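Peer 1: Each chain, written out:
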Amino acid sequence: MSAEAGEHVIEVEDLTNTVGPGHVLHRDLNLHVRRDEVMTLVGGSGSGKTQLLRVILGLKHPAAGSVRVFGVSWDDSSFKKVRDARRRMGMLFQNGALFSALSVFDNVAFPLRERGGLSEKKIRAIVHTKLSEVELEPRHGGYLPANLSGGMVKRVALARSLALAPDLLVLDEPTAGLDPDRSERFVQLIKRLRADHRFAVLMVTHDLDTLNELTDRVAVLGDQHIIACGTLEEVQHLPHPFVRNFFGGDRGRRAFAHGTAAA
Amino acid sequence: MRVRASGEWTFNGLKARREEIVRSLAALRRQPPDRVAWDLRGLADLDDAGALWLARAVRGAQQVDVSPQHERILAQVKRGLRVPDVLTRPVDPLLPVVATGEAAMRFAAHVRDATALLGQIVLDAVALVQRPRDVPLREFSAGLYRAGVTALPVTMLVGFLVGIVLTYLSALQLKRYGADLLVINIVGVGVVRELGPMLASIIAAGRSGSAITAQLGVMRVTEEIEALAVMGVSVTTRLVLPKVIALAVALPLVAFCTDLAALAGAMLVSRFTLGIGPEAFLEALPRAVEVVNFWIGIGKSVAFGFAVALVACHYGLRVLPNTESLAAGVTRSVVAAITCVIVLDAIFAILLRNVG
Chain A
1 MSAEAGEHVI
11 EVEDLTNTVG
21 PGHVLHRDLN
31 LHVRRDEVMT
41 LVGGSGSGKT
51 QLLRVILGLK
61 HPAAGSVRVF
71 GVSWDDSSFK
81 KVRDARRRMG
91 MLFQNGALFS
101 ALSVFDNVAF
111 PLRERGGLSE
121 KKIRAIVHTK
131 LSEVELEPRH
141 GGYLPANLSG
151 GMVKRVALAR
161 SLALAPDLLV
171 LDEPTAGLDP
181 DRSERFVQLI
191 KRLRADHRFA
201 VLMVTHDLDT
211 LNELTDRVAV
221 LGDQHIIACG
231 TLEEVQHLPH
241 PFVRNFFGGD
251 RGRRAFAHGT
261 AAA
Chain B
264 MRVRASGEWT
274 FNGLKARREE
284 IVRSLAALRR
294 QPPDRVAWDL
304 RGLADLDDAG
314 ALWLARAVRG
324 AQQVDVSPQH
334 ERILAQVKRG
344 LRVPDVLTRP
354 VDPLLPVVAT
364 GEAAMRFAAH
374 VRDATALLGQ
384 IVLDAVALVQ
394 RPRDVPLREF
404 SAGLYRAGVT
414 ALPVTMLVGF
424 LVGIVLTYLS
434 ALQLKRYGAD
444 LLVINIVGVG
454 VVRELGPMLA
464 SIIAAGRSGS
474 AITAQLGVMR
484 VTEEIEALAV
494 MGVSVTTRLV
504 LPKVIALAVA
514 LPLVAFCTDL
524 AALAGAMLVS
534 RFTLGIGPEA
544 FLEALPRAVE
554 VVNFWIGIGK
564 SVAFGFAVAL
574 VACHYGLRVL
584 PNTESLAAGV
594 TRSVVAAITC
604 VIVLDAIFAI
614 LLRNVG
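Protein chains in written order, with the working numbering: chain A, 1 to 263; chain B, 264 to 619.
Read the hints as simulated data drawn from the structure, not as lab findings.
Misleading hints may appear alongside valid ones.
[Unchecked claim] Per label pair, the in silico range of CB-to-CB distance:
(1) B:372 <-> A:71: 31 to 37 Å
(2) B:359 <-> A:116: 41 to 47 Å
(3) A:244 <-> B:307: 41 to 47 Å
(4) A:239 <-> B:397: 35 to 41 Å
(5) A:181 <-> B:281: 46 to 52 Å
(6) A:244 <-> B:275: 42 to 48 Å
(7) B:302 <-> A:21: 52 to 58 Å
(8) A:66 <-> B:374: 30 to 36 Å
(9) A:61 <-> B:367: 24 to 30 Å
(10) A:244 <-> B:390: 23 to 29 Å
(11) A:234 <-> B:364: 52 to 58 Å
(12) A:116 <-> B:550: 51 to 57 Å
(13) B:617 <-> A:16: 55 to 61 Å
Note that the structure is a prediction, hence the values are computed from the model and not measured.
Cβ coordinates follow ideal geometry from the N, Cα and C atoms, glycine included.
Pulled out of the complex, with its shape left as it was, chain A reads as follows (with noise of 0.2 Å):
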């Protein structure tokens, strides 16, 4: 449906980002995500994977070089663009960055509400299915966040990036602070989700077992900018140290001998 946006539902280019006086995070840095694909980010730490998401996202402006989501640059003159644009994209933040004064039901409904038109019963309606989606029950809906049990806000909060029904959902770190089986069913959580609503995921994680079940692209952050870009194969053999650390060790060596033994 994005084909007016053209291939890709984000495209980085040239991006150069400082974070204080001189310190230059990254340079010339590019990186694209088709629509459609799960394009994850990794990264040793310091190498600036969430300033690189703060960017992607508007939080933060770049020194030099575009970003753009869905063809539309942050900087757009019209109000509408950008609004449209933010509008077809879900993030998920770390720890779930819920409304604590809003109940379960009101943070899932804010974005609905905030695009205006909706009646009050289709809201309830697409609330209700989507709290379902993310295996909760109405009942929840009147919990306020701080009487959740981690997981719960971190599914709270995918329903709400997911109730817009977007094109393009970010997820930092989706699964840190879950313990592996909640972790695992977070994972096939998200499959599941795509599975039936074909959105793009750009990610940021570092656990392999999650990398391995969702990627199809991997991107690799080091040396202020992406090392390589491609799938899971193409990469993890590059002679990079971060590389041959992150896929090489032992804990490589177990995710993908679990995940081919699953596959």
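Position chain B against the provided structure of chain A, taking the given hints into account.
Peer 2: Only chain B this time, still in chain A's reference frame:
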């Protein structure tokens, strides 16, 4: 010479045998270190505290025998000992100049950012005229209730008491000159033009200002602000603008009620210390206080309310994701808001010196 250490060289074990060990180690230090051989194989237990003592003692020793399970911890502590102490930077003679300059730069940055925020909310307000559906009415009414209605009891109580004190003090002086009735002029103008708006805005800075900064700060810490921005909701339109407008509307109303409470206090004291009854007081009041003073007071409260909320939002949005920054932000917000109100008041006093 051979030294054998044994027993529990742990934090708790050392506490019990501290003096004995200090004495023997002091004696050993008089020996040339390269003539001492250490046998640490008899240690029953070793932790960081014990290892630290031993590592210091065995420095430069000719030979150290240590059992394999303790070898690593001892080596680690030895490495830790080699880390040089943090060098104290030489005192810069220009430090006062540098510090003053940096403080000035920080202040300039605050002024710049607050001005940018002010500009942004003006732009937002203009944009809202074209999209009336997006006007954040709920947030505005919530702000009005919180900054206005709930502030009334405390503000009016303070106003009442200040009215009493001010009248009492003036009455004492005026009685001596037989100018009793002038108390109505002094207290009337003072309260309506200065004290009412001042008291209301200082209490608003403490109540609403700190609450606004803390709320925005926590939203920053929990990434709720980012979540809003990502959803395409303008943070300034949704959070800052309604708070600023609400306080600018609420504060004149609160100041008006404060005026009333302070005048009630004044009336009470006049009755008992000067014998001016309420009827006489109310009759003299309109003649003593020109109505323009009242409008000046109300107008100032609008500006004060605007300033307090703007300063509070400015500091709230600058909070970094840590607890220290939140606490500092709230403190600075209240201090800056009160300072701002007093500076504005002085400016108004100069500008309006010929009015009323």
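Peer 1: Does each hint hold? Answer for all of them.
Peer 2: Quick rundown of the hints versus the structure:
The supplied range of 31 to 37 Å is met by residue 372 of chain B and residue 71 of chain A, whose beta-carbon atoms lie about 36 Å from each other. Between residue 359 of chain B and residue 116 of chain A the beta carbon distance is about 57 Å. The supplied range of 41 to 47 Å is therefore violated. Roughly 43 Å separates the CB atoms of residue 244 of chain A and residue 307 of chain B, a value that falls within the hinted 41 to 47 Å. Against the hinted window of 35 to 41 Å, the Cβ-Cβ separation of residue 239 of chain A and residue 397 of chain B comes to about 53 Å, which falls outside the hint.
The hinted range of 46 to 52 Å is satisfied by residue 181 of chain A and residue 281 of chain B, whose Cβ atoms lie roughly 49 Å apart. Distance hint check for residue 244 of chain A and residue 275 of chain B: the Cβ-Cβ separation is about 45 Å, which falls inside the suggested range of 42 to 48 Å. Look at residue 302 of chain B against residue 21 of chain A: about 57 Å separates their beta carbons, and that is inside 52 to 58 Å. Between residue 66 of chain A and residue 374 of chain B, the C-beta spacing of about 32 Å keeps the proposed range 30 to 36 Å intact.
Residue 61 of chain A and residue 367 of chain B have their C-beta atoms about 26 Å apart, which keeps the hinted 24 to 30 Å range intact. At about 52 Å, the beta-carbon gap between residue 244 of chain A and residue 390 of chain B misses the expected band of 23 to 29 Å. At roughly 53 Å, the beta-carbon separation of residue 234 of chain A and residue 364 of chain B lies within the given 52 to 58 Å, and the hint holds. For the pair residue 116 of chain A and residue 550 of chain B, the beta carbons lie near 56 Å from each other, so the given range of 51 to 57 Å is met.
For residue 617 of chain B and residue 16 of chain A, the hinted distance range of 55 to 61 Å is satisfied, since their beta carbons lie about 57 Å from each other.
When the structure is compared with the earlier hints, violations turn up for hints 2, 4, 10 and for no others.
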